[in-house]
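Protein chains: 2
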Amino acid sequence: MKGTEAKARVVIESITPQIDGGQYAIKRVPGETITVRAAVFADGHDVVAARLLHRKSGEKKWKENPLVLIDNDEWEGSFMVSTTGYHEYAIAGWIDHSMYWYEGFQKKAAAGEKMETELAIGALIVEKMEKLAKGDDHTLIQHALTVFNDPEQNSEALEIASSEKLKALIEEYPIRENESISKILRVFVDRKKAEFSTWYEFFPRAASPDANRPGTFKDCMEIIPRLEQLGFDVLYFPPIHPVGKSFRKGKNNSTTALPGEPGSPWAIGNSTGGHKAINPELGTMEDFTALVTHAEKHGIEIALDLAYQCAPDHPYVKKHPQWFRWRPDGTVQYAENPPKKYQDVLPINFENEDWKNLWDELKSIIEFWIDKGIKIFRVDNPHTKPFVFWEWLMEEMRKDHPDVLFLSEAFTRPKIMARLAKVGFHQSYSYFVWRETKAKLEEYLTELTTTELREYMRANFWPNTPDILPYYIQNTGYSDSAIRYILAATLSSDYGMYGPVYELLVNDPVPGKEEYYNSEKYEVRHWDWKTFTPFHALIGRINHIRKENSAFHSTFNITFCETNNEQVMAFIKQSKEDNNTVLVIVNLDPLHRQSAWIKLPLESLGTKEGQGLMMEDLLDGNKYQWNKEVNYVELDPVKSSAHIFRVNKI
Amino acid sequence: MKGTEAKARVVIESITPQIDGGQYAIKRVPGETITVRAAVFADGHDVVAARLLHRKSGEKKWKENPLVLIDNDEWEGSFMVSTTGYHEYAIAGWIDHSMYWYEGFQKKAAAGEKMETELAIGALIVEKMEKLAKGDDHTLIQHALTVFNDPEQNSEALEIASSEKLKALIEEYPIRENESISKILRVFVDRKKAEFSTWYEFFPRAASPDANRPGTFKDCMEIIPRLEQLGFDVLYFPPIHPVGKSFRKGKNNSTTALPGEPGSPWAIGNSTGGHKAINPELGTMEDFTALVTHAEKHGIEIALDLAYQCAPDHPYVKKHPQWFRWRPDGTVQYAENPPKKYQDVLPINFENEDWKNLWDELKSIIEFWIDKGIKIFRVDNPHTKPFVFWEWLMEEMRKDHPDVLFLSEAFTRPKIMARLAKVGFHQSYSYFVWRETKAKLEEYLTELTTTELREYMRANFWPNTPDILPYYIQNTGYSDSAIRYILAATLSSDYGMYGPVYELLVNDPVPGKEEYYNSEKYEVRHWDWKTFTPFHALIGRINHIRKENSAFHSTFNITFCETNNEQVMAFIKQSKEDNNTVLVIVNLDPLHRQSAWIKLPLESLGTKEGQGLMMEDLLDGNKYQWNKEVNYVELDPVKSSAHIFRVNKI
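Just so you know, the protein sequences line up as chains A and B, in that order. So in the numbering used here, the last spot in the first sequence is 650, and the numbers never skip. So in the numbering used here, the last spot in the second sequence is 650, and the numbers never skip.
Worth flagging that the hints you see were computed from the coordinates, not collected in a lab. Please read these numbers as outputs of a predicted model, since none were measured by experiment. It cannot be assumed that every hint is accurate.
[To be verified] Coverage of chain A stretches by chain B, computed from C-beta distances (three or more under 8 Å per stretch; other residues unrestricted):
hint, stretch
1, 42–53
2, 100–108
3, 118–131
4, 332–342
5, 415–422
6, 437–450
[Unchecked claim] In silico lysine-lysine, DSSO-like type, Cα no more than 27 Å apart, as pairs:
hint, chain 1, residue 1, chain 2, residue 2
7, B, K114, A, K245
8, A, K128, A, K61
9, B, K513, A, K251
10, B, K375, B, K521
11, A, K107, B, K513
12, B, K340, A, K107
Don't be surprised by glycine CBs; every beta carbon is placed ideally from N, CA and C.
Work out the full structure: start from the sequences and follow the hints.
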C-alpha cells in the first residue's frame with residue numbers, strides 16, 4: 001500500500017449510476033445531464049468535502065462540479081455532456097481540515113476561550129491556502145497570514161478568523177491532502193438521433209407506382225418527399241441484398257415458392273452476391289447511393305437491415321464452410337425449432353475455430369455500407385448471435401464510427417433485451433406492442449424510465465412491424481390504429497411504424513396469429529403512395545409537434561397523472577432546459593366517448609392550485625384555461641382520441 | 001481476446017450475494033448454507049446448463065453443486081461451508097448441445113421424420129461422452145455409440161436415443177465446451193462464536209467482595225462460576241491497562257479527579273506502561289493469564305477492550321511523537337468536540353508519515369494479547385480510526401489469526417456501521433437499544449436479516465452498556481428490564497449485557513441523559529455478587545434455552561407473526577437442519593396484562609390449519625396444543641412477560 005492510499009480517510013461507495021460495477025458505460029446524448037449520487041464519509045468527526053469529477057475520455061485534467069450532502073451520508077451532484085464519445089466521471093473526497101478549524105474557531109471564540117493557539121493553527125492553514133490563491137484572494141490571504149502571526153494585531157486577527165470572507169476563501173481554496181478518488185465510471189454519449197428519432201419502414205420492392213412490376217430504388221426516390229412531409233427522419237429498409245433461391249419461401253410463408261415469387265428478403269445471398277451486394281431487381285449500387293443522398297437532402301437517413309444469416313446459396317457457404325455447422329449427411333445445419341425447419345436460412349456457427357476472421361468479415365459488412373453513406377442499422381435477431389461478439393463489435397464501432405447507430409430487434413426475454421442494450425445497442429425494440437392497458441403501459445414506462453434500464457436502454461416504440469400485427473388492431477378501423485400510433489409517438493421519443501399497411505389500415509391477420517395475411521415478407525405488394533387520409537394528417541401533425549416541442553425529445557422526462565378512468569391515460573413531459581411542457585391525454589377506448597378527471601402534478605409543473613395554466617391543444621389549436629389541480633376532460637374517438645396540450649403558465 | 005472467451009456464449013450476471021462488486025467477502029459460520037442466485041442465459045434457442053462452483057481458497061479444484069432455473073433466466077443453487085477461512089464461489093455455464101440434440105430428437109421422432117442424420121449427430125455426441133464416462137456408464141455409452149453407427153441396429157438405436165437412461169447419462173457427462181466462468185466471489189467463514197455468543201460485561205475493579213478495596217483479577221476468579229451458571233460464554237472487560245494520570249477524570253465525569261480516584265479505564269497508559277501493560281491495581285500478568293485459563297475451563301472466553309487512544313502520559317507520546325497531532329503551543333491535540341475538550345484522551349493522528357510503523361505497532365498490541373490467550377476483542381470507537389486501517393488489520397487477522405473475533409463499538413450513522421462490518425468486523429453493536437416499539441423492532445430486524453446487511457453484518461444486541469442507560473428503563477422496575485433482556489436474547493443470536501447494574505436494576509440516570517449516575521467508568525463500585533433474584537433465574541433459564549435450541553443460534557432465521565395488538569410481538573425462529581422451531585411471544589407493556597391473537601406462518605412451519613402443534617413453554621414447562629392458524633395468548637408482566645415455545649408437530 002502506498003502512503004497516499006493509507007492516509008486517504010474518505011470512503012466513497014455506492015456510486016450511481018453505474019452498470020455491473022462499472023463494466024459497462026451508461027448512455028446519454030449531448031445536452032443531457034447526469035445526476036450522480038454516492039455515499040461519501042470518513043472516520044471521526046472531521047469535515048468531509050467532496051467533488052464530482054468529469055472529463056472527456058483521453059483528457060488528463062478533470063473538470064469539477066459540486067457535490068451536496070443530501071442525507072444519511074448520501075451526496076449528489078450533476079454534470080452535463082455536450083460532445084459525443086466516451087466521458088468519464090468519478091468522485092473525489094478529502095478531509096477538510098481548514099473548515100474543521102474554521103467551525104471550531106467560531107465555537108471556541110463564542111465560548112470565550114483564549115484563541116492564541118487557534119490563531120497559530122489558522123496561520124498554518126492560510127499558509128497552505130496562500131500557495132493556491134491568486135490575485136485579490138492571494139492578497140487577502142497573505143494579509144490574514146501576517147495578521148494571524150502577529151500578536152500585536154490580535155483584534156484584527158480575530159475579526160478575520162471569524163469572517164464570512166475567510167469561510168468563502170476556505171471553500172474556494174481547499175487543501176486537498178490525502179484525497180480519496182473513487183473508481184472511474186464511463187458514459188458513452190451518442191449523437192442526438194439515438195434518443196430522438198422517427199422511423200418509417202417500407203419494402204422498397206413495394207415502391208412501384210405500377211401494379212404490374214415490383215418497385216425499385218428509383219421508385220423510392222418519389223416517396224421520399226412524402227415521408228419528409230409526414231415528418232419522418234429515418235427510413236428503414238428490410239434487407240436489400242440478393243435473395244436466396246434454394247428453399248425460397250412463397251406467398252404466406254409457403255415452403256415452396258412458385259416461379260417468379262420474390263422470396264423473403266431475410267434469406268440473404270445467392271450466386272450473385274451476399275451482404276455487400278444489392279438485389280439487382282431493386283437497382284444498382286449507384287441507384288442506391290443516389291437514393292441515400294436524395295433522402296439526406298430531405299432530412300431522412302436510410303437505415304439498413306443487418307441480418308447475420310445466409311441463404312443456402314450465399315457465397316459464404318462455399319467460401320467459408322468453416323463458419324457453418326455441418327451435419328454428418330454433408331448438408332449445412334439450417335435454423336430449426338424442432339420439428340419446425342427453416343431451410344431457407346442458415347445460421348452462422350459462432351463457436352467455430354475461425355471466429356476471428358468471421359468477426360472481421362461481419363464487421364466489414366457494416367463498414368462497406370458506412371462507405372455508402374449509411375449510419376443507422378436495424379439489427380435482425382441480435383439475440384441469436386453471441387453477446388460477446390456484439391460487445392466487441394459495438395466497441396469497435398464506438399472507436400471508429402461513433403456516429404453509427406444500431407437498433408436491436410429483440411422481442412425476447414427481458415434480461416436478453418437488456419444485455420444487448422448494455423453491450424452497446426443504441427435503441428431497442430420494446431414490449432410496447434404488447435402493453436395494451438393503461439396500467440400495463442404506465443408500469444412499463446416506469447420500468448424504462450426509473451430503474452437501471454434508464455441508464456442504458458432506449459426503447460423504440462413500434463405499433464406494428466412486418467412480423468407483428470397485434471391482435472387488438474386486427475380487422476379494426478381508424479381509431480384503434482390511431483390510438484396506438486399516438487401512444488407510440490408521444491410516450492417514446494424514439495418510435496417507428498411499418499408504414500403503408502398501418503396508415504392504410506391494412507390489418508387482416510393470418511387467422512389466430514399476430515401475422516399479416518399476404519405479408520410483404522413473402523410477396524410484392526402495391527400501395528397507393530398518393531392518397532392522403534385523416535390518418536396521414538394526424539401523423540404529419542404529431543411528427544411536427546414532436547419536432548417543435550423539446551419535451552418530446554426524451555423518453556425519460558415523463559410523469560403520469562392520476563385519472564379516475566382506466567380508459568383515459570394522461571402524462572406530462574417536461575424539458576426543463578427549454579421550459580417546454582406538454583400534457584398528453586389519450587382515450588384508450590376506440591369505440592366510446594370517455595371522460596375523466598385529470599390530476600395535475602402541480603409541484604412538478606412549478607405552480608399551485610388557483611394559479612392559471614393555459615392549455616393549448618397542439619392538435620386542433622383550441623385553448624383552455626385551467627386553474628385547478630383536478631380538471632375535467634372528455635374525448636370522443638369520432639372527433640379525436642387525444643389532447644396534446646402545450647402547458648404555459650399565465 | 002482468446003478463443004475460449006470469444007466462443008463462450010453463456011452470459012452470467014447479477015450474482016448474489018456479492019458486496020460492492022465482489023470487493024468484500026460475505027460472511028458465514030461453519031454449517032451455514034449460502035444460496036446463490038444469478039442471471040444465466042445465452043443467445044439463441046440452445047439449451048443452457050449451469051453449475052454453482054465452490055472451493056476453499058487455495059484449492060485448485062472446484063466442487064460443483066446444481067443450479068436450477070427459477071424464472072426469467074434467474075438460476076439458484078446453494079452450498080454449505082463447513083470449515084473456517086476464505087472460500088470461493090462462482091458460476092459456470094455452457095451450451096448443452098447434447099441435451100439440445102436429445103430434446104430435438106424426441107420431437108423429430110414424434111413427428112415421424114427420418115432419423116438417420118439425427119442418429120449420426122447423436123453418435124458424435126456420445127463419442128465425446130465416452131471419453132468422460134467410467135465403469136458401467138462407459139460400457140453403456142460405448143454400446144450406444146456402436147449401435148448409433150450401425151444401420152443394421154437402427155431399431156435399437158432409436159430406442160436408446162429416446163431412452164430416459166440416455167438423458168440421465170447426458171446430464172451426468174456434460175460436454176462442457178466453450179464454458180463461461182463468472183468472476184470469483186468470496187465468503188469468509190468465521191468460527192461459530194461469531195454468530196452465537198452470550199456476552200457479559202463488568203469492570204474487574206468492581207469484583208471485590210470487600211467494599212473497602214477495589215477488585216482484582218483474583219477477585220474475578222470467584223465470579224467466573226456464577227457467570228457460567230448464568231450461561232454466559234464471553235466475559236468482556238473494559239480496558240485493563242494502566243490509567244493515565246494527567247487530566248484524569250473524577251466521579252461523574254468531573255474534570256478534576258480527587259486524590260485516590262481511579263480514573264476512566266479508557267484513558268490508557270501512564271509511565272508504568274500502555275496497551276501491553278496491566279494496571280497494577282488489578283494484579284499481575286500472571287494473575288491475568290490465570291484468570292483467562294480459569295474462565296476457559298468454565299466455558300468462558302475473556303474479551304478485551306481495544307481502544308486505540310492514549311492518555312497524555314502514555315509512553316507512545318514520548319517514544320512516537322510523530323503519531324500525534326502537535327499544536328503550535330507544543331502540546332498534543334486532545335480529543336474535542338468544540339467547545340468541549342477531552343484532555344485525558346489523545347487521539348492518534350493516522351494521517352502521519354510514519355503510518356506504517358504505527359499500523360504495525362497497533363497490530364502488535366493485538367498479537368501481544370493473543371499470546372496471552374485472548375481471542376475476542378471489543379473495539380472501542382472504531383469509527384474514529386480510518387476504514388483503510390481496519391481493512392488492512394482485519395485482513396491481517398484473517399490471514400494469521402482467523403479465530404480471533406472483533407466486536408465493533410460504533411453506535412453511529414448506518415453507512416459507517418455497515419462499512420466497519422464490510423471490512424471485516426465480526427460483530428457490531430447495533431441500534432437495538434434505540435428500537436423500542438414493535439414496529440421499529442420488526443423493521444430493524446427485517447433490515448438486518450433480509451437486506452444486503454445479512455451478508456456481512458452480525459448485530460450484537462445490548463439492552464445497556466456503561467455508556468447507554470436508555471431513557472425507557474431509567475428508574476423502572478423488573479419488568480421493564482426483563483422485557484428488553486428477553487428481546488435482546490431471543491431476537492439476536494449474539495447479545496450482551498453490562499451485567500451487574502442491569503440485573504440488580506440499578507438504573508438512576510444522570511438527569512436528562514442516557515448515562516448512568518455514579519457511572520463505573522469514573523469510580524469503583526461494589527456489587528453484591530452473591531445475590532440471586534428472579535431476574536437471575538430468568539437470565540439463567542433463557543441462556544440455557546438458547547444453548548439447547550439451535551433455532552437461537554442464528555439471527556437470520558426469523559419470521560414475524562401477525563398479532564392484533566401493538567404491545568404483543570411474536571416471531572418464530574427455525575433451524576431447519578435440526579428441525580428445531582421456537583415461537584417467542586413478548587408482552588412489550590411492562591405494566592399491563594396484554595392479550596392478542598397470534599397468526600402462525602403455517603406454511604413456514606410445514607403444517608396447515610387443523611393439524612395439531614404442541615407448544616411447550618420452555619420458561620415454565622407448560623404445554624398447550626394449538627390446532628389453528630390464529631391462536632389466543634395473554635401475558636401478564638406480574639407473572640411473565642413472555643412465552644418461549646418450542647414448537648413440535650403432533
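Against the structure, the hints:
Counting residues of the stretch 42–53 of chain A whose C-beta lies closer than 8 Å to any C-beta of chain B gives 4; at least three are required, and the coverage claim holds. Taking a C-beta to C-beta cut-off of 8 Å, the stretch 100–108 of chain A contributes 4 residues in contact with chain B, enough for the three needed, and the coverage statement holds. Remark: the stretch 118–131 of chain A is confirmed as covered by chain B, as 4 of its residues place a Cβ nearer than 8 Å to a Cβ of that chain, reaching the required three. Three residues within the 8 Å Cβ limit are the bar, and the stretch 332–342 of chain A against chain B gives 4, so the coverage statement holds.
Check on the stretch 415–422 of chain A: 3 of its residues sit with their Cβ under 8 Å from a Cβ of chain B, so the three-residue criterion for coverage holds. Closer than 8 Å: that is the beta-carbon criterion, and the stretch 437–450 of chain A has 0 residues meeting it against chain B, so the requirement of 3 is violated. A C-alpha spacing of about 25 Å is found between K114 of chain B and K245 of chain A, which places the hinted pair at or below 27 Å, so the restraint holds. Taken as a hint, the K128 of chain A and K61 of chain A pair is honoured in the structure, with Cα atoms around 22 Å apart against an allowance of 27 Å.
For the suggested pair K513 of chain B and K251 of chain A, the alpha carbons sit about 87 Å apart, so the restraint of at most 27 Å is broken. The straight-line distance between the Cα atoms of K375 of chain B and K521 of chain B is roughly 24 Å, inside the 27 Å bound, and the hint therefore holds. A distance of roughly 23 Å separates the Cα atoms of K107 of chain A and K513 of chain B; the hinted pair therefore holds under the 27 Å criterion. Taking the CA atoms of K340 of chain B and K107 of chain A, the gap is about 10 Å. The hint holds against a cut of 27 Å.
The structure fails to meet hints 6 and 9 from the earlier list, while all remaining hints are met.
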